[in-house]
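So the protein sequences, as listed, match chains A and B. For the first sequence, counting from 1, position 1 maps to 1 in this note's numbering; every step adds exactly one. For the second sequence, counting from 1, position 94 maps to 94 in this note's numbering; every step adds exactly one.
One thing to keep in mind: the hints can contain errors.
[What the hints assert, rightly or not] Sample of chain A residues facing chain B (criterion: CB under 10 angstroms; computed from the structure):
id	residue
1	Arg83
2	Arg102
3	Arg114
4	Glu125
Since the hints were derived computationally from the structure, they do not count as laboratory data. Here a beta-carbon is modelled for each residue, glycine too, at the ideal position from N, C-alpha and C.
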Amino acid sequence: MTAPILSAKGVTKRFGSRVACRGVSFDLWPGEVLGIVGESGSGKTTLLNCLAGRLIPDEGHVAYETASVGTVDVHQLSEARRRLLARTEWGFVHQDAREGLRMGASAGANIGERLMAIGARHYGEIRGTASDWLSRVEIDLDRLDDRPTAYSGGMRQRLQIARNLVSEPRLVFMDEPTGGLDVSVQARLLDLLRGLVDSFHLSAVLVTHDLGVARLLTHRLMVMQGGEVVEAGLTDQVLDDPQHAYTQMLVASILPV
Amino acid sequence: MPDTISSNDPSDGAYNYAYLDEQTKRMIRRAILKAVAVPGYQVPFGGREMPLPYGWGTGGIQVTAAIIGRDDTLKVIDQGADDTTNAVSIRRFFARVADVATTTRTEEATVIQTRHRVPETPLKDGQILVFQVPIPEPLRMLEPRETETRTLHALSEYGVMQVSLYESIARHGRIAKTYNYPVLVNGRYIMSPSPIPKFDNPKLDRNPALQLYGAGREKRIYAVPPHTPVKSLDFDDHPFEIERWTECCALCGSTQSFLDEMIVDDAGKRRFICSDTDYCQERQEEQRR
Numbered sequence: 001m002t003a004p005i006l007s008a009k010g011v012t013k014r015f016g017s018r019v020a021c022r023g024v025s026f027d028l029w030p031g032e033v034l035g036i037v038g039e040s041g042s043g044k045t046t047l048l049n050c051l052a053g054r055l056i057p058d059e060g061h062v063a064y065e066t067a068s069v070g071t072v073d074v075h076q077l078s079e080a081r082r083r084l085l086a087r088t089e090w091g092f093v094h095q096d097a098r099e100g101l102r103m104g105a106s107a108g109a110n111i112g113e114r115l116m117a118i119g120a121r122h123y124g125e126i127r128g129t130a131s132d133w134l135s136r137v138e139i140d141l142d143r144l145d146d147r148p149t150a151y152s153g154g155m156r157q158r159l160q161i162a163r164n165l166v167s168e169p170r171l172v173f174m175d176e177p178t179g180g181l182d183v184s185v186q187a188r189l190l191d192l193l194r195g196l197v198d199s200f201h202l203s204a205v206l207v208t209h210d211l212g213v214a215r216l217l218t219h220r221l222m223v224m225q226g227g228e229v230v231e232a233g234l235t236d237q238v239l240d241d242p243q244h245a246y247t248q249m250l251v252a253s254i255l256p257v
Numbered sequence: 001m002p003d004t005i006s007s008n009d010p011s012d013g014a015y016n017y018a019y020l021d022e023q024t025k026r027m028i029r030r031a032i033l034k035a036v037a038v039p040g041y042q043v044p045f046g047g048r049e050m051p052l053p054y055g056w057g058t059g060g061i062q063v064t065a066a067i068i069g070r071d072d073t074l075k076v077i078d079q080g081a082d083d084t085t086n087a088v089s090i091r092r093f094f095a096r097v098a099d100v101a102t103t104t105r106t107e108e109a110t111v112i113q114t115r116h117r118v119p120e121t122p123l124k125d126g127q128i129l130v131f132q133v134p135i136p137e138p139l140r141m142l143e144p145r146e147t148e149t150r151t152l153h154a155l156s157e158y159g160v161m162q163v164s165l166y167e168s169i170a171r172h173g174r175i176a177k178t179y180n181y182p183v184l185v186n187g188r189y190i191m192s193p194s195p196i197p198k199f200d201n202p203k204l205d206r207n208p209a210l211q212l213y214g215a216g217r218e219k220r221i222y223a224v225p226p227h228t229p230v231k232s233l234d235f236d237d238h239p240f241e242i243e244r245w246t247e248c249c250a251l252c253g254s255t256q257s258f259l260d261e262m263i264v265d266d267a268g269k270r271r272f273i274c275s276d277t278d279y280c281q282e283r284q285e286e287q288r289r
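Bound conformation, chain A alone (with noise of 0.2 angstroms):
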């Protein structure tokens, strides 16, 4: 059997004298999409983060399984390597499109981004590269040229995954992709990410407080309560037959239609 490509170990983290997570734990296989869901507050962001090596936890150890070189502990990493780990086999997904995006420079320059920081120099190509990932996240090619802050919101959000999936990650941090998107926005771009995620075998940790996008999206779901994991399991039984309290009320405050 293959090893795990993302394994936590005890990870915990604290500002000051409160804990954001404490003692998170869980193997992420390849080809596996990692729900985390939780009320606001509940520590999953801060988990995520943790994850990325965006934020170094006070305990505990996150193992990634590389392309190339074995499994590395990515907190030990030199920024160095962590970055260029981040910007090659990692995505990272967030919730607000201005912080994933440059706003300043044109939906093709995004997607082209990541290709000339790892050495692409061929406009031409880069240039077909770009329109190429415009395309599959159902964006009209002639807003190649336009600034993402002509796009609408959803647009900016798939603008966004084209941008990280461009150097073709093996495993995409999702921080509530779907936020603040409507109802019928929300579908297009569950669709494409079911889509994207199958096509290209990628494992992701998906961060969310919707139930439903969960349920759509996700295998294995954690439950987050307080910073700490309650429940864990297959998304379907999690949902379905849920074990702990707070899960029952998560699930049962589900709005019906």
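Please arrange chain B on chain A, whose structure you already have, making use of the hints.
Showing chain B alone in chain A's frame:
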């Protein structure tokens, strides 16, 4: 006022030799040594108040003051010209406080302080070119945080610089930047060559003269040692190009130099003349002979 107030003996109450005190010169020289050792790297230094406003060459003048000696011959140019206000006053300043010979001839000079141009006459071994730099950070317009730009330099993460060139082609069909065109020094650091026209960029490459860059307001010194490779950034399918003119210089007939366009009457009649006054004059004298 006395004509020359230079002295090595500070006790006479006059200014120290070359205006700056010895400790300051020592500090600047250390910054210069470090800059030469790491080509293209911006070394912070404790910039001093100089008797001219920021933006008029306070960085260049401090570098010149730190390296100049009595045996030196100084030339100062501003946009290629020896006779503009800025060039004249800086030249006179050093003639007075450093007791050095001055010249307008590029070959005769040992130290050349410049703003916005590299002389047309090829430089030689032993000459020093001092640039006045307004914004030393080439990534500044793309990334406003100093902490971040330093990290980008440290890790040679220069994708963002390429993004700006990409944007230029996407918008204008070619790389439209004409001055302050970013260069890669010695295959490692991206450097701002100061606002020289990109016409001058090829002259920086493997130049036998030492190039020193001083930014007074931003308090940075950087350098390109002699014979160091300096490459202008570009794309494989949009290679770096310099400006070309269909006209020649109206005074000396040069087709090889950087030309300034001058409007000479109200009817919009225009002439092109060399921006490097010394180069132009020498060519005219040669033609008269």
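Interface hint for A/Arg102, Cβ within 10 angstroms of any Cβ on chain B: For A/Arg102, the interface hint holds, since the closest Cβ of chain B sits about 7 angstroms away, which is under 10 angstroms.
Have a go at the A/Arg83 hint: is there a Cβ in chain B nearer than 10 angstroms to its own Cβ? With Cβ-Cβ at 6 angstroms, under 10 angstroms, it holds.
Agreement of hint A/Arg114 with chain B interface, Cβ distance less than 10 angstroms: 7 angstroms, holds
With chain B as the partner, please determine if A/Glu125 meets the hint condition of a C-beta pair closer than 10 angstroms. 8 angstroms, holds
Checked against the numbered hints above, the structure violates none of them.
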